[in-house]
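**Q** Residue strings, one per chain:
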Amino acid sequence: MLEFDDIQHILLTRAPALTGRYEFLTFRDSVGGRAWLAEILEKVPSAKNMRESVDKEKRWITVAFTWNGLRALGVGEATLATFPEEFRQGMVARAEMLGDTGANDPSRWVDKTASSDLHAIAILFARDATERGRCEIEHQKLIAECNGVEVLSTLDLEATPPFDYAHDHFGYRDRLSQPVIEGSGDEPTPGAGPPLKAGEFILGYPDESGVDPPLPQPEALSRNGSFMAYRRLEEHVGKFRDFLRENGKTPEEQELIAAKLMGRWRSGAPLVLAPEKDDPELGADLQRNNNFNYKNEDPQGYAVPLGSHMRRMNPRDTAANINRRRMIRRGATYGPYLPEGTPDDGQERGIAAFVICGSLIRQYEFAQNVWINDRNFHELGNERDPIIGTQDGTLEFKIPRRPIRRKITGLPAFTTVRGGAYFFLPGLKALRWLAAGPKAS
Amino acid sequence: MAGTSDRKDWTKPAAMAIPKGGFFSDKIEKGRYGPIFPRTPACYGFSILAKIITGREEVFYEYARNIEKTIASQPDALAVLKLHYLRWVLFPIKGDTYFMYQGIFDTDFDKYTEDAIALFGATGITTVFENLEDFPKDWKTNAPAFIKFVRDHQCPSFLEYGEYPYATADEIKKALRVKASLSEMLDQMQ
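Those protein sequence lines, which keep their order, are chains A and B.
So the first sequence is numbered by my numbering: it starts at 1 and just counts up by one.
So the second sequence is numbered by my numbering: it starts at 1 and just counts up by one.
Everything labelled a hint here was simulated from the structure, so no lab data went into it.
We treat Cβ as the ideally placed atom computed from N, Cα and C, and that holds for glycine.
Heads up, some of the hints might be wrong.
Simulated pairs of lysine-lysine, BS3-like, Cα-Cα distance not exceeding 25 Å [claimed, not checked]:
| id | chain 1 | residue 1 | chain 2 | residue 2 |
| --- | --- | --- | --- | --- |
| 1 | B | Lys82 | A | Lys398 |
| 2 | B | Lys51 | B | Lys137 |
| 3 | B | Lys82 | A | Lys295 |
A short, non-exhaustive set of chain A residues, derived as facing chain B with CB atoms under 8 Å [as the list claims (entries may be wrong)]:
| id | residue |
| --- | --- |
| 4 | Ser209 |
| 5 | Val211 |
| 6 | Asn321 |
| 7 | Asn369 |
| 8 | Val370 |
| 9 | Glu379 |
Quick list of simulated restraints, FRET-style, between CB atoms [unchecked claim]:
| id | chain 1 | residue 1 | chain 2 | residue 2 | range |
| --- | --- | --- | --- | --- | --- |
| 10 | A | Glu276 | B | Asp9 | 36 to 44 Å |
| 11 | B | Asp26 | A | Gly102 | 16 to 24 Å |
| 12 | A | Pro412 | B | Lys51 | 51 to 59 Å |
| 13 | B | Glu163 | A | Pro412 | 36 to 44 Å |
| 14 | B | Leu176 | A | Pro412 | 34 to 42 Å |
| 15 | B | Lys179 | A | Val211 | 45 to 53 Å |
| 16 | A | Arg432 | B | Arg65 | 56 to 64 Å |
| 17 | A | Pro412 | B | Ile53 | 53 to 61 Å |
| 18 | B | Phe23 | A | Gln347 | 41 to 49 Å |
| 19 | A | Pro299 | B | Asp9 | 26 to 34 Å |
| 20 | B | Gln190 | A | Arg405 | 29 to 37 Å |
| 21 | A | Val211 | B | Asn66 | 17 to 25 Å |
So here's chain A without its partners, still in its complex pose:
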């Protein structure tokens, strides 16, 4: 039985927010850090709270900590040593393996998340900008009262128009394929596979291997917690649109190129089910838009290229042990909307997302290192993920078709990593344990 009243809401629910804000914090003083936490944890809803009050609430808060942040709050070395190696090292130390090199190198990140001073994140999802502004002021007041708590950076989130469905700045419909946790009460949509054991995402429960995975100690700190990888990914919208124009003679051809890069039309319609022509109705239909596989339906990639983003991020029945590689994604777009036909204004816009999982090394890092950035994924030889892979202009993208495949060479980077970090997302009781300080342990 999942302890809904102890699990932070972000793990199991998605807030109906059009805007939000991330605040990245440092604690110069452990007493001040714990004072901040003691105050804000009262505003962090559990999954149970969220489900009961979602219709009347206007804002939803999540808090999480880096390994350095746990130490800054006063957690002892013996406890810190029980956390997994990759979390202890942090995302910056893992940069080369993750593909965060060249333009993506942490030395170029813009939000101080590469700093060892990064200790915590406060995530705000809000219904509208008015509520966000109100919460921002409230949080400023709280921080001013807590000795040594400082804001390293902030990021305001903005949905991109049209607002009737979630999509990124490139125009791709988002939030189409999410795993369902057994016992969560959610029903998987057709094609999404059976619900997965909670331990794949929440600490303290059996995972898909059938056993309880080892936990950081004490259990009072780790139970009902999870790990989050944060990625701030700038989307180069002008470059993306130029690429489509350069590689497609007609608007229809350009739209097909966009679909081949992703594996879905921008409407969300999957190419396996709509290989020749977009089908927006299918794209919006959650009962149909995930109901497909690859092994028998598209083994050669004639519909969905073998190296497309969607096929890499979820190879479905063409990967071994797929249930041990799934991840929960949360987040939103940021930056101003760039209307079609408008030259790129040089402003930063993109996606600021969280990947939530029980094991960063087995789930998130595997996806980043192998699925996204392995040049030889599916024997492709010289490709990486065309949307979020590390691209330096030397790689290619192959589109299988009869009689001869199409090969696009010199693929540009459509995205650049602008920030990132590993966080531990404690349960609510663990937040109180942390706020109580070393005496509690």
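For chain A, the structure is supplied; the task is to place chain B on it using the hints.
**A** Just chain B now, with coordinates in the frame of chain A:
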């Protein structure tokens, strides 16, 4: 980052001398669990050497018969490992029996480590590992401990050779399928 070398010329046999320790210090690639041993003309691979627990030799022969049956009934059981060859060897040193497990792969072991561990459990490959000295008893839930054992007992090559270097098992199988298809086509033309 994970990735293989650019395509090389398979028509030209090649040898590669490898420095002590198994890595080229100027181009060590990092994997999730540590540095990745280089791809050579003989592909990726490992040679794990370990002492077996005294008196357990017969387990290894029983295991061999089981693996033979497993592969006969499920030929794609090891597909995820992207293998060319596996060799299991027992040999004596000063009265003790040692075990060598040597694999030639198209992917570095680091990439699909967890899949390999799950597979080893499912197919019984770990039966022999459990009869080696120092093998972690909690390997099923402790991937890092399993990986540490493998790395601690890996004896890297100092020289590798390939008659058709860098060709992958998939490429070889594709070529054989094309040859078979052409033969079939020529038969149909008679």
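**Q** Look at each hint and say if it fits the structure.
**A** Here is what the structure says about each hint:
For the hint linking lysine 82 of chain B to lysine 398 of chain A, the alpha-carbon distance of about 22 Å falls within 25 Å, and the restraint holds. Our distance criterion of 25 Å between C-alpha atoms is met by lysine 51 of chain B and lysine 137 of chain B, whose separation comes to about 16 Å. Proximity of lysine 82 of chain B to lysine 295 of chain A is assessed by CA-CA distance (about 17 Å); at most 25 Å being required, the pair is judged to hold. Interface restraint check: serine 209 of chain A against chain B, minimum CB-CB distance 7 Å, threshold 8 Å, status holds.
A distance limit of 8 Å between C-beta atoms decides the matter here; for valine 211 of chain A the minimum to chain B is near 5 Å, and the interface restraint holds. With its C-beta approaching chain B no nearer than about 5 Å, asparagine 321 of chain A sits inside the 8 Å limit, and its interface hint holds. For asparagine 369 of chain A, the interface hint holds, since its Cβ comes within 8 Å of a Cβ in chain B; the closest pair sits about 5 Å apart. The interface hint given for valine 370 of chain A is met, as the beta carbon of that residue sits about 5 Å from the closest beta carbon of chain B, less than 8 Å.
For glutamate 379 of chain A, the interface hint holds, the least distance from its beta-carbon to any beta-carbon of chain B being 5 Å, beneath 8 Å. Distance hint check: the CB atoms of glutamate 276 of chain A and aspartate 9 of chain B are about 39 Å apart, consistent with the given range 36 to 44 Å. For aspartate 26 of chain B and glycine 102 of chain A, the Cβ-Cβ distance of about 18 Å falls inside the hinted range of 16 to 24 Å, so the restraint holds. Distance hint check for proline 412 of chain A and lysine 51 of chain B: the Cβ-Cβ separation is about 54 Å, which falls inside the suggested range of 51 to 59 Å.
Take glutamate 163 of chain B and proline 412 of chain A: their Cβ atoms lie about 39 Å apart, and the range 36 to 44 Å holds. A C-beta distance of roughly 38 Å is found between leucine 176 of chain B and proline 412 of chain A, which places it inside the suggested range of 34 to 42 Å. Look at lysine 179 of chain B against valine 211 of chain A: about 46 Å separates their beta carbons, and that is inside 45 to 53 Å. At about 57 Å, the CB distance of arginine 432 of chain A to arginine 65 of chain B agrees with the hint of 56 to 64 Å.
A hinted range of 53 to 61 Å for the beta carbons of proline 412 of chain A and isoleucine 53 of chain B is consistent with their spacing of about 56 Å. In this structure the hint that phenylalanine 23 of chain B and glutamine 347 of chain A lie 41 to 49 Å apart at CB holds, the actual value being about 44 Å. Between proline 299 of chain A and aspartate 9 of chain B the beta carbons are some 29 Å apart, a value that agrees with the proposed interval 26 to 34 Å. For the hinted restraint 29 to 37 Å between glutamine 190 of chain B and arginine 405 of chain A, the CB-CB distance of approximately 32 Å keeps it satisfied.
Checked against the hint of 17 to 25 Å, the pair valine 211 of chain A and asparagine 66 of chain B passes, with Cβ atoms roughly 24 Å apart.
The structure shown violates none of the earlier numbered hints.
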